[in-house]
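Colleague: For the working numbering, add 1002 to where a residue sits in the sequence shown, where the first one is 1.
By construction, these hints were calculated from the structure, which means they are not laboratory data. These numbers come from a predicted model, not from an experiment. Note that CB positions come from ideal geometry on N, CA and C, so glycine has one too. One should not assume that every hint holds.
Label-pair ranges, simulated between beta-carbon atoms [said to hold, decoys possible]: (1) E1365 / Q1290: 27 to 35 Å; (2) S1193 / V1273: 34 to 42 Å; (3) N1207 / G1157: 13 to 21 Å; (4) D1160 / K1109: 41 to 49 Å; (5) K1386 / K1100: 30 to 38 Å; (6) K1100 / T1172: 41 to 49 Å; (7) C1328 / D1057: 37 to 45 Å.
Taking lysine-lysine and the DSS-like style, the derived pairs with C-alpha atoms no more than 30 Å apart in a straight line are [stated by the list, open to error]: (8) K1109 / K1386; (9) K1147 / K1211; (10) K1211 / K1100; (11) K1351 / K1332.
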Amino acid sequence: MGSPHILAIPYPFQGHVLPLMELSLKLVKHGFKITFVNTEANHKRVVNAFSEDDDVLKLINLVSFPDGMEPGEDRNDIAKITQAIFRVMPGELEQLVKDIQRTDANKITCIIADETMGWALEVADKMKIKRAAFWPSSAAMLALKLSIPNLIEDGVVDNDGTVLRSEMFTLTTSMPIMNSKHFAWTSVGDSHAAKIVFRILEETNRTVKLADRIICNTSYELEPAALSLFPEILPIGPLLADNRVGKSSGHFWSPDASCLAWLDQQPGQSVVYVAFGSLTIFDQKQFQELAIGLESTNRPFLWVVRTDTMDEKSEMFLNTVMAYICDVWKFGLALDKEETGIITRGEIKNKVEKLLNEKTFKERALIHQEMVITGAQESGCSHKNMSNLIEWIKY
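Model the full assembly from the supplied sequences, consistent with the hints where possible.
Modeller: The structure is reproduced here in structure tokens:
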């Protein structure tokens, strides 16, 4: 009998690939064979970003599927690429599983798919394979998504996801207040794209019911209210590369080590780190305000700027996460826009200085760091859920 074999399938964006890769590497340590499926475009980026001495390629079998997009099409267009994937990938996955089951001594034991890739759960269900849905970010975000039927019933949004009532609301009294104007699906482009993404979210709410397990990259210590609202969500996080310093795997871009010499010259805990993920796009005015605002703090800062950071698109920001950082955990501050939609250099300067000068923010961050570490230890909730997941897949 061969080793238990897991097929891991992320949604094709950086913030989804990285945590599923971390989960895969943790499972490798427990004797699992892992086949990790990326789109062809992302597969090339991930492989090219590996360093020469990285041993991940020896531990995990990386394979790729076409994503259904034409050369030159915008693969950051969430609506387009998701629709294309839904057309092409189910057949590719089914064929891959058949080939592995026929030729590999290590038969597929379980498919772990990003919750957004619900079609993969359908394929696993059809082929009678254990299946787990993986959510790479906060449980609050998933709770909001799973609450879409209630939002429709309460008249907050219509059947297309269009906001009918612009208001502050909360999913439960113990969760932070959110603004209906800032739903994730309303921030992906024009109204047509928003409706497409909303329909995709509704469809994945249906397919997630096919999952035997729903696992989430969070911890109970951080999000007790959201996890209590949907107890079927099992926290196994945070999934970090803490045991492999400098070896975080699954990046789309090669790491730039040119800043290390400069960092070594700065006093400890003095550098402001600025990054906006793999999708955020600024117009020229906002980019300039941010640059001048950071410079005017007179503090050393390290700003990660992608080559495609500037464009005419609007930025996407998920207010659910912001609400937790600012209102629940209270180790962050929200940046307020002017009527023009721009966050000014003065606002940036003032909030950065307040964040760094008031000790309470750092104290709260350290408290939550300790809480998360405790949850990942042997007696913690995330550790127990991870152990149960491993046992379930194996047996």
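Colleague: What are the numbers of the hints that this structure violates, sorted from low to high?
Modeller: none
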